[in-house]
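Student: Generate coordinates for the entire structure from the input sequences, incorporating the hints supplied.
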Amino acid sequence: MFFGREPDFSGVRGKVPAYMAGEVGGRNMSQAEEKFELKADPPGKYCRRCGKTKPFELFSLVYSKKAGRRKRFSWCKKCNADYSSNLQKANIERTALTRRKTRLKCNYRLTPKQFDAMWQSQMQLCGICNKKLELCSKTNRKGAVVDHCHKSGMVREILCSDCNIGLGMFHDDPAVLASAIAYLAKHAQPKETP
1 MFFGREPDFS GVRGKVPAYM AGEVGGRNMS QAEEKFELKA DPPGKYCRRC GKTKPFELFS
61 LVYSKKAGRR KRFSWCKKCN ADYSSNLQKA NIERTALTRR KTRLKCNYRL TPKQFDAMWQ
121 SQMQLCGICN KKLELCSKTN RKGAVVDHCH KSGMVREILC SDCNIGLGMF HDDPAVLASA
181 IAYLAKHAQP KETP
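Everything in the sequence shown is counted per my numbering, starting at 1 for the first residue and increasing by one.
These are computed hints drawn from the structure, not numbers from a lab.
There's no promise every hint is true.
[Claimed, not checked] EDC-like, lysine to aspartate or glutamate: derived pairs with alpha carbons at most 20 Å apart:
#1 K132 with D173
#2 K45 with E57
#3 K131 with E157
#4 K132 with D116
Tutor: Right, here's the structure in full:
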């Protein structure tokens, strides 16, 4: 109950507080409630690309430097994926170069120039079997790969896929490799001469 002048509800956002609902000063406040009650927010977020309101889970969380916090992306995940896919299809060469650059930097701390310098210094040959190497592509999955030490992370040389897998299977252990060589020598078939 208010004494004196009635409060001004023009600046109130949201619902009228419970203590103001009903009879205030002998008058019915149902008109004031209707005037100042905001509609409930839709259960989701509006996608700026497709124009639909969707659940919050369908929007990715991104960090906003301007806001200084994480917030939901303005496009839903489906619209964002469609856009990225179309952009990649339109720029196939650029996408391939970007992926190569990112893979070299993240996995081996190499720039494409450093990789190309290693490639030329090895004369495009495998560091173990001396086979002529080709770069990996979508059609050639068994191309040149960067060999590195898993303990120190140091890049060693460029190898063919088979030699790199072989080293990995022997856990890069020289003793095990020497044992494998002795095993092969012990069970080697003599070459037949015609």
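Student: For each hint, tell me whether it holds in the structure or not.
Tutor: Comparing the hints with the structure gives:
| no. | hint | verdict |
| --- | --- | --- |
| 1 | K132 with D173 | violated, 25 Å |
| 2 | K45 with E57 | holds, 9 Å |
| 3 | K131 with E157 | holds, 14 Å |
| 4 | K132 with D116 | holds, 15 Å |
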